[in-house]
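There are 2 protein chains.
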Amino acid sequence: MTTADARTPASKRNARNVPEARNAPENEAGKSIGWHKGYVQGSRPDLQVPVRQVHLTNGKDVTLYDTSGPYTDPATETDVRRGLAPLRENWIIARGDTEEYEGRPARPEDDGLKHTSPRGGLRNLDAVFPGRPRRPRRSRDGRPVTQLAYARRGEITPEMEYVAIRENVAPEVVREEIAAGRAVLPANVNHPEIEPMIIGKRFLVKVNANIGNSAVTSSIEEEVDKMTWATRWGADTVMDLSTGRNIHTTREWVLRNSPVPIGTVPLYQALEKVDGRAEELTWEVYKDTVIEQAEQGVDYMTVHAGVRLPYVPLTARRKTGIVSRGGSIMAAWCLAHHKESFLYEHFEELCEILASYDVTYSLGDGLRPGSIADANDEAQFAELRTLGELNSVAKRFGVQTMIEGPGHVPMHKIKENIDLQQEICEEAPFYTLGPLTTDVAPAYDHITSGIGAAMIAWWGTAMLCYVTPKEHLGLPNRDDVKTGVITYKIAAHAADLAKGHPGAQDWDDALSDARFEFRWEDQFNLALDPDTAREFHDETLPAEPAKTAHFCSMCGPKFCSMKISHDIRREHGEDQAAIEAGMREKSAEFAASGNRVYLPLAD
Amino acid sequence: MTTADARTPASKRNARNVPEARNAPENEAGKSIGWHKGYVQGSRPDLQVPVRQVHLTNGKDVTLYDTSGPYTDPATETDVRRGLAPLRENWIIARGDTEEYEGRPARPEDDGLKHTSPRGGLRNLDAVFPGRPRRPRRSRDGRPVTQLAYARRGEITPEMEYVAIRENVAPEVVREEIAAGRAVLPANVNHPEIEPMIIGKRFLVKVNANIGNSAVTSSIEEEVDKMTWATRWGADTVMDLSTGRNIHTTREWVLRNSPVPIGTVPLYQALEKVDGRAEELTWEVYKDTVIEQAEQGVDYMTVHAGVRLPYVPLTARRKTGIVSRGGSIMAAWCLAHHKESFLYEHFEELCEILASYDVTYSLGDGLRPGSIADANDEAQFAELRTLGELNSVAKRFGVQTMIEGPGHVPMHKIKENIDLQQEICEEAPFYTLGPLTTDVAPAYDHITSGIGAAMIAWWGTAMLCYVTPKEHLGLPNRDDVKTGVITYKIAAHAADLAKGHPGAQDWDDALSDARFEFRWEDQFNLALDPDTAREFHDETLPAEPAKTAHFCSMCGPKFCSMKISHDIRREHGEDQAAIEAGMREKSAEFAASGNRVYLPLAD
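Residue numbers (this note's numbering), protein chains in the order written: chain B, 15 to 617; chain Z, 15 to 617.
Looking at chain B on its own, in the form it has when it is part of the complex (with noise of 0.2 Å):
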């Protein structure tokens, strides 16, 4: 275990993903006090799993899963300008079975522009990242290079390895998972820059943080940043939903500075290229648009191919209708045609596709309920047998696919959900929206949705797409993005805990002993967000002893429940033998003088 020094000037960070340097003092094992990022060596010098290593101030360490990349790592320079190391590329390359090629050409429209647009933003995209010439790669021979492919061969590929250190369990467990279907590793050739990870329901559950510009508003910038500001609060992917403007250059920088996978819905950009009319789509353009993104390295695509003509129907007597943008696309596309989903008709050659990059399936669910009232209908469940009936199709070409669930769904409802998906779809992972439990709250949709989450994720869901803040309202700003991402992340622990995750229990172990033993910095240093912990603390107590003080603002000096406890354990000695056996004695008094006493049973 190698620990990188968290004093290194402050300088050489990127202020924007390290939280402040604390000038904290040494502990007993002569660690500083604080969080830093830490690596485990894995079988070969190149393979080293991040991690995030609290040392706490009774000498004690507690490690816990990293998201946050190089960006953490003060001994890493980063540059967004230059995009991340290219960590999987020999990986990849020693495998043999890619190559490169010329790859198609960036066009204007790739970017929403005009063939004659004046300001030809893409005249020279290749020089977007100076420092990587994009030759794409792709399998050699056309047969998937995909990691389920190796996993039923029996392989286990450095990518295997390093989530399984990261997960803390075997490596042949997590081949077999993937062989099975039953989790997804997504990694693109074409994005050797991520830290592999898995999803799956036997893995702790994972977040993903929706991002992307609108037409409305927002940047390149402001989505890059975003991107790192939700790996750097947990998120496990982000998806780029980006409709508006430099939707490729966009996804270039995210995805050259990225390192969680990339998800993406290619029908957005389509139906860009054909100025958004649906009716314009063809099968054409969106596999062009498909291969466009997949050099790019886009880990995993929502494809709603399950939106089938014969379903649309089924949402004219909902409530709200269909409120997958996806989902709504296809349908009209099918209306206004009268033929099948051209999606679900070259569902065969999508699946080619996909295998020959290794980009992962997300079956997306268009018809999902936008409304309490909508839940667990016909239409839904309709598209969620499509579903499965296409991840069997996905799986016999040998592409990785999990499978999109959720969207308003009341409490007594959910179970049935990941209960019929799992039965249809083989154990394919699942991966919900929320759900939202009830529809009343707009602006706080991160807490509707929060505890659905937690229960849907508790019950076998492997991956939870959060909601913010701003959810049916606007476009979520920085602080929405930490807000839903750190919402997801409670939710997604509370389920590893519930699952009975091995070792989910450890870090609620080590914060608890800490609180009890008002250890406060300890217990800022492992809070979700030891920021805001700790700011919230000084708000009342500003003061530095206030820190190592044996009480908190609740109950004061005077008078603190938790100082009574250890009073009762000074005054009664640790030995615990001892106090019960007085006290059973006591009690026993107790009988015989009539008391009623109750003597608890060992149960």
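The reader is advised that the hints may include incorrect statements.
Heads up, the list lumps identical chains together, so a pair's fine if it works in one copy or across two of them.
Straight-line alpha carbon distances no greater than 20 Å define the calculated SDA-like cross-link-like pairs of lysine to any residue that follow [said to hold, decoys possible]:
no.	residue 1	residue 2
1	Lys-333	Thr-71
2	Lys-74	Ala-387
3	Lys-513	Ala-387
4	Lys-74	Phe-532
5	Lys-429	Val-54
6	Lys-429	Gly-514
7	Lys-427	His-515
8	Lys-301	Val-288
9	Lys-287	Gly-97
10	Lys-429	Lys-513
11	Lys-427	Asp-523
12	Lys-429	Gly-97
13	Lys-287	Thr-546
14	Lys-333	Arg-533
15	Lys-513	Glu-430
16	Lys-427	Glu-392
17	Lys-287	Gly-73
The hints are simulated quantities; they were obtained by calculation from the structure and are not laboratory data.
Knowing the structure of chain B, use the given hints to seat chain Z on it.
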């Protein structure tokens, strides 16, 4: 149904509690759009039940439960120094089973002042509210004057009719639930200002907000303001947990101005009277404090009579010992004297006192778990069994009783709590703190606990005690109180939906209709927090026209999913049957042409 005119000059309003007046246009029904205080007339002139009426732009009305009291009625002037009108006074007098008496004289130590204190803060307590001479009222002949006693006699009191209208159920249902001990209607004869409410699993899930100054910070005005602020956002009851100076006076102000039942923990004040030395507590000091508070009008009291001597050692092996303040005080007392709890020993005498004022018991869970590690342990359940025993005793004396529960409990251990409580306590209302489903997120414990609160309420908890973002870190300020209340109203409503509470979904449906039809103003006015919903929307799209725009900032004007849903309906008519017929025809063609067609089952 009478409706207060919302266009009353703002000057006549209590600015602190009434949302900003807006010059909204009138809808077709000629009603000004927005939300307004309304009243439902009961069977007698002085029985008018407040409701929150939302007039929609489409001419419809939505009626919501209202806890905000006269403060949100522009037709009523409130004066914090005069207190609220004694709404129930005539009902109480008319029953003829109570009498006024001299009552206990207020003493300096009631406010934490020494007898010899130079600043005799209480020299003239009666002058705090010159408008109301403080001659307390109690049972004329010692027999219980409780709603439980009346219900058992088959009487439907005005209070019962009041809550029946509020909950939209038959008065007889209210009487039955109270008579059976499955519900409580906290209403001290000395707190005539309250608008009666009921707590029971057959009714809407309720939310309690804690306020209270401490030795460390906060003032009287702040606490009164927090109370009115909490009820403004939906708090159904408020607990005054003050522990610092001026406890008696603070409580007097809060009671005289509170439209909701007020709860306390008498032990806190009793402890102040013996200078915080737990071992110096006596039954006499405690009893004196209970009478002092009962005469003031406290509606329910938390009594930690379940913390018994033999259970204390069971906490020695815990990770976080005893975290309930009342629990730790009693544990310290038991150990100091090596005697059984004086609360347990004198429980029957206490019942007689509470019965003569109709103070409701909230049997405290002094041994609740303070960490995930301690959840559902021997100490917690041993105390619960004793609470079941005490519940039976209280019922024998005609005292209304609810049971306090949870704390920190992981999701998979929550149901065991409510199931065991319902069994052991003969379905007495469960009143739970959270539970917090993980320990790792200080500063976000409104969310870690909101998750557990929604679940346990779905499974039967009748009232939820809120948790604010400051939990474990400091004292909540105004914003924290609002955030805590809103979060818990979400949990409570999500549970009402999951329980299938009659009419609960009407609110969600009305808001979702407004959302789908782009009636932004209606969406804001129906929201749990209209102010924040409007503010978030305007952040991205400030212009007034945007309030009627048929899109939102998520997808932008060019392509909105819900807009498409409308287009689908427009293009294909409202005749759903026709649409479906046509579609099924198409489906048939696909089948004929050998396509895989899936005709959704009608499940």
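query = Against the structure shown, which of the earlier numbered hints fail to hold, in ascending order?
reply = Numbers 5, 9, 12, 13, 17 - these are the hints that the structure violates, sorted from lowest upward.
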